[in-house]
Each structure stands twice: as C-alpha cells, then as structure tokens.
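With the first letter of the sequence shown counted as 1, position 23 gets the number 23 in the numbering used here; the numbers rise by one all the way through.
A hint or two may mislead.
[Stated by the list, open to error] Result set (DSBU-like, lysine-lysine): computed pairs, CA atoms no more than 35 Å apart in a straight line:
id, residue 1, residue 2
1, 145, 127
2, 56, 127
3, 56, 145
[What the hints assert, rightly or not] FRET-style restraints, in silico, Cβ to Cβ:
id, residue 1, residue 2, range
4, 29, 106, 15 to 25 Å
5, 69, 148, 20 to 30 Å
6, 63, 148, 14 to 24 Å
7, 43, 99, 27 to 37 Å
8, 149, 63, 12 to 22 Å
9, 62, 3, 27 to 37 Å
Just so you know, the hints here were simulated from the structure itself, not pulled from any lab data.
Using N, Cα and C, we set each Cβ at its ideal position, and we do this for glycine too.
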Amino acid sequence: MARYVVHVQSPCEPGEAFDFMADLTNFADWDPGVIEASQVVGEQPEQDAAFDVMVKAIPRPLVLRYQLVTFDRPTTVVARAQTPLLTSLDRITVTQADEGCIVTYDAELTLNGPLGLADPLVGLAFKRIGDRAADGLVRALEGRKVEAPAA
1 MARYVVHVQS PCEPGEAFDF MADLTNFADW DPGVIEASQV VGEQPEQDAA
51 FDVMVKAIPR PLVLRYQLVT FDRPTTVVAR AQTPLLTSLD RITVTQADEG
101 CIVTYDAELT LNGPLGLADP LVGLAFKRIG DRAADGLVRA LEGRKVEAPA
151 A
C-alpha cells in the first residue's frame, strides 16, 4: 500500500473548505494528475454520491469511479474507488484552527491481487504525485503546509 498525507492550514472557514474538498469535481482544479472529474451519481456531494475522476496513467488515462462512503459535514469525507487493478481510498478531514482551518488529505493506493507485489515501487511514484497534488492544494486553499494538527 502506498500512502500520502498532507496537512494544509487555510484561512477558509471549515465549512467552505469542506464543501470545496467534498466536491470531487474540484480535484481537476488542484491535482495536476487529474485530467477531469464529473459527478455521476447524486445532485451534490453527499453520502453515496459518485464521481468519475480521469487521471493520467500509462499507457492511457484511467477513469476511477469514486463513491463518497463517509460524508459528515463539515469534518470528514471519505471517497473510495476500486478497479480490478487498484483500490484508492481518500480521507479528507477538516478541523477548526485559530485562523481558518486545517485540511488533512490522506490518500492510500493499494494494488490488487498479484500486482500488490509492486506496492513498494508504487510508493515511490505516489510520493512524487502526492507532492505535486499537495502543492496544488496549498494554492487552491490559499494556505500552507503544516505539521499534523493536535488530536
């Protein structure tokens, strides 16, 4: 399993940051690995809504269908995508800060079946991909990277 976690302190109010992050169509605005994203189930981000997220992949783009499996506004959203090749689990938490909020983006990528043997190699690539996405998230939230918020 490859994992990437980033914490971004933002001047945004927690509800505003949550709404932006829970709407997976916004992935294309901050993650350079996302080509496009659209909501395909539901009218708005909510429990069981689904989004098709087209990501850059080799040899061609890959569409991942993410379902919101947890939706607890304004603090937590969990999105899960599964294909025969991989499972992606993205946890987004928003906590109140002295000024604004802290958004934590915690992404796990697991290769399924025999491909799981390549997980260590995927971890290296996932870090580079995550770093680029984190930079985009900092810009989108007009914030800065911080250490993990106190529990």
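Given pair status - residue 127, residue 145, alpha carbons within 35 Å: Given that 35 Å is the threshold and the Cα spacing comes to 15 Å, the pair holds.
Whether the CB-CB distance between residue 62 and residue 3 falls inside 27 to 37 Å: violated (20 Å)
Range hint 14 to 24 Å (beta carbons of residue 63 and residue 148) holds or violated: violated (32 Å)
Residue 148 and residue 69 - C-beta distance against the hinted 20 to 30 Å: Holds, at about 23 Å.
Hinted pair residue 56 and residue 127, Cα distance within 35 Å: holds (15 Å)
Residue 29 paired with residue 106, Cβ distance criterion 15 to 25 Å: At roughly 19 Å between Cβ atoms, residue 106 and residue 29 fall inside 15 to 25 Å, so the hint holds.
Residue 43 versus residue 99 beta-carbon gap, inside 27 to 37 Å or not: holds (33 Å)
Beta-carbon spacing of residue 149 to residue 63 - inside the hinted bounds 12 to 22 Å or not: Taking Cβ atoms as reference, residue 149 and residue 63 lie about 33 Å apart, which means the hint is violated.
Agreement of residue 56 and residue 145 with the hint, judged by alpha carbon distance not exceeding 35 Å: holds (25 Å)
Hint compliance for this structure: hints 6, 8 and 9 are broken, all remaining hints hold.
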